[in-house]
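Note that the numbering used here has the sequence shown beginning at 1, numbered continuously upward.
Zero decoy hints are in this set.
With a cut-off of at most 25 Å between alpha-carbon atoms, the simulated DSS-like pairs for lysine-lysine come out as follows:
| # | residue 1 | residue 2 |
| --- | --- | --- |
| 1 | 146 | 299 |
| 2 | 297 | 40 |
| 3 | 40 | 212 |
In short, the hints are calculated from the structure, not lab data.
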Amino acid sequence: MIRSVYLFIVFIFFAAYSAEAQFWFLGQKAKERYEGMPFKPHSSVSFGAGSSNYIGDLVPAAGLFSVAAQTMRWNVGLQYTRHLSRHFSGNIQVSYIRIAGDDNYFSSTGAFEGNYYRNLHVRNDLKELSVSAVYEPMGNAENLAKRPLLSPYLYLGVAGFTHNPVARQIILPGTTTPTLGSWVDLQAQNTEGADYSLVNLSIPFGFGFRYKIGAQVDLGFDFGYRVSLTDYLDDVSDSRSTVLASTSFFTSRNGEAFAANTLVNRIPLTTTFTAPIYSTGPDQYFTTQIRLIYHIKNKIDCPPLPN
1 MIRSVYLFIV FIFFAAYSAE AQFWFLGQKA KERYEGMPFK PHSSVSFGAG SSNYIGDLVP
61 AAGLFSVAAQ TMRWNVGLQY TRHLSRHFSG NIQVSYIRIA GDDNYFSSTG AFEGNYYRNL
121 HVRNDLKELS VSAVYEPMGN AENLAKRPLL SPYLYLGVAG FTHNPVARQI ILPGTTTPTL
181 GSWVDLQAQN TEGADYSLVN LSIPFGFGFR YKIGAQVDLG FDFGYRVSLT DYLDDVSDSR
241 STVLASTSFF TSRNGEAFAA NTLVNRIPLT TTFTAPIYST GPDQYFTTQI RLIYHIKNKI
301 DCPPLPN
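Working from the sequences, and respecting the hints, build out all of it.
As structure tokens, then:
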């Protein structure tokens, strides 16, 4: 999987380099040197939507690929970009990102047996504002009309976000048939014995490319990875197994006969299982987006009229 991503990146950059070379050659035929003309900064706006996943104590990195499809959720975002020079741009983006994890996506046997019997789950909606610096290694044309057919880019930035991890209660109305309960704010349950913040920062970085489909319109793809500065996106810290201060029902749910989020029947229950596998360090999340990009034309500078 990782090797395929690397090969995909190499292919995009090679294709962009070939397209760039063709544009430069055509400029030479017209006796007009492409690199010599001044760059005209311009702006673009875009809307994107796609998938989101997280890595943390309910989805450890070692088990990501076995449950990636089940834990995948969605994201949407709006972005404003200012193309400042041939190679550098800056952008600001607002995003709504949903992430989720559930111990019951793992098998009841094997390496993640302890996670399965722990029986925790979480859903978290992140409202994110990010600012990033963008580098386009193949460069842009001197004006909007001559921009390349394919333009890859890399970016690095900083983001602030609010979040609120929640989990379901389970309702057993006097029968063996459970029903889904309401969502409960986990921070308020004092599950960790500590009052962690619901406002935090992350470091976003990633890559993408734009493909020209019209005079002012591009279709784009973006992959973004965020390293958050908190270990509580899933309401579970690496040291939860040693927390003694909390008496919350949501701290350990291994005694429940059904999984609260999926209603999977967990009978027969067992009390002899290995310890859950935790994820080391802060929680992380990553997104993919398909973007529709609109480039805003610059105003035409006209010389002043004679008196």
